[in-house]
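**Student:** Sequence:
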Amino acid sequence: MAKFSFDDADDDPPAAASGSEKRKREDGPDEAAAGGGPPKARIFADRGGGPEGGAVVGAERAEGSGRKAVETVVGGEADGISVQIDPDVLDCSICFEPLRPPLYQCQNGHVACFSCWSRLTNKCHICSNEANFVRNIALEKVVESVKSACSYAKWGCSKLVSYSLRNAHEESCLFSPSKCPIPGCGYRGFTGWWSGHFHTNHNNDSLRFSYGQCFKVSLEISVPFLVLLSEDDHLFLLLNKNMMPYGHALSVGCLRTGNLNWNFFYEMKATSEGNTENSLQLKASVTNTKDWRGLHPTEAFLLVPYAFCRSGKLTLFVSIERVADVR
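Numbering of the sequence shown is given in full-length UniProt numbering, commencing with residue 1 and proceeding in unit increments.
Just so you know, these hints were derived from the structure itself, not from any lab. Glycine included, each C-beta is placed from N, C-alpha and C at the ideal position. A portion of the hints provided could be inaccurate.
Mimicking DSSO-like on lysine-lysine, the simulated pairs with C-alpha atoms at most 30 Å apart in a straight line are [claimed, not checked]:
#	residue 1	residue 2
1	K154	K179
2	K159	K290
3	K290	K216
4	K179	K216
Here are the simulated distance ranges between beta carbons [what the hints assert, rightly or not]:
#	residue 1	residue 2	range
5	K283	S172	27 to 35 Å
6	K283	S210	13 to 21 Å
7	S285	W193	34 to 42 Å
8	M244	G274	19 to 27 Å
9	G184	S145	49 to 57 Å
10	A138	N203	54 to 62 Å
11	S222	S279	19 to 27 Å
12	F317	S172	33 to 41 Å
13	M243	R135	16 to 24 Å
14	K283	E231	14 to 22 Å
15	A300	V223	16 to 24 Å
Modelling step: build the complete structure from the supplied sequences, incorporating the hints.
**Tutor:** Written as structure tokens, this is what we have:
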């Protein structure tokens, strides 16, 4: 049995993974050009008993180190070796993406991913020797066997993913952070973290409410959405779409990450400025999304004619209900 663990994160909330974001090396390209080899593994052997079975992966915080250890157990022997490896060893030394089979190496053992090797002109990018590339089957088996916990395990993701597919998983992970909907803001946060961010950065751009209680909203017709923050720090958007030549389509959405263990419903009532006896009302379920990209719900919305808002404002009465998902 072999255990592989990787030190590759800190205690801060992880940013959303992106395949285009390359891991930077401290040694840089100059050292590689000078003939330096690939990053060396840091190995710590620890013989002892371990869990039985196939591949088992766990994640835990290293006390006092501020770094996250992701441990992979391969094999089923009762007596094994615990190995800690720098994750750079499993990344391509050219594009810095995780290595994926098939893997090729030069006669000096320098490895890169297949797509990068195919673009080389028969010369190794590290030693510059004429390269007679051959498959590295042993490393392929190691890369295929290594699995790690998602970077968002602390926030609830229990997926164990192949190291080579980790970036792809984290880009679409349900527990990855949502982007702040305020234009020009690059903050990415999780459910439960929005109040502090809006209090510090967008104090005048949100409205707080309590579930089950009706509240009044005076909405500028030119504003595409209004941020609503609930008592449990869920972030809702009161969406406003101009539907020429009919009026304004109003709906409510929720930016959510993690387990969808709550269902939300809303009631919305719009009153006419000219005659308060005239009103329109909608009751619908809240649309869930991880990031708002300007899309509006098409199944349910309240269409308010322009005659209701001649002064440039819409008067709305809104209430949002929270119901536990018992499925």
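**Student:** Does each hint fit the structure? Answer for all of them.
**Tutor:** Structure-based check of each hint:
{"no.": "1", "hint": "K154 / K179", "in the structure": "19 Å, holds"}
{"no.": "2", "hint": "K159 / K290", "in the structure": "18 Å, holds"}
{"no.": "3", "hint": "K290 / K216", "in the structure": "26 Å, holds"}
{"no.": "4", "hint": "K179 / K216", "in the structure": "27 Å, holds"}
{"no.": "5", "hint": "K283 / S172: 27 to 35 Å", "in the structure": "32 Å, holds"}
{"no.": "6", "hint": "K283 / S210: 13 to 21 Å", "in the structure": "18 Å, holds"}
{"no.": "7", "hint": "S285 / W193: 34 to 42 Å", "in the structure": "24 Å, violated"}
{"no.": "8", "hint": "M244 / G274: 19 to 27 Å", "in the structure": "21 Å, holds"}
{"no.": "9", "hint": "G184 / S145: 49 to 57 Å", "in the structure": "44 Å, violated"}
{"no.": "10", "hint": "A138 / N203: 54 to 62 Å", "in the structure": "57 Å, holds"}
{"no.": "11", "hint": "S222 / S279: 19 to 27 Å", "in the structure": "22 Å, holds"}
{"no.": "12", "hint": "F317 / S172: 33 to 41 Å", "in the structure": "37 Å, holds"}
{"no.": "13", "hint": "M243 / R135: 16 to 24 Å", "in the structure": "59 Å, violated"}
{"no.": "14", "hint": "K283 / E231: 14 to 22 Å", "in the structure": "21 Å, holds"}
{"no.": "15", "hint": "A300 / V223: 16 to 24 Å", "in the structure": "21 Å, holds"}
The structure does not agree with the numbered hints 7, 9 and 13 stated previously, though it agrees with the rest.
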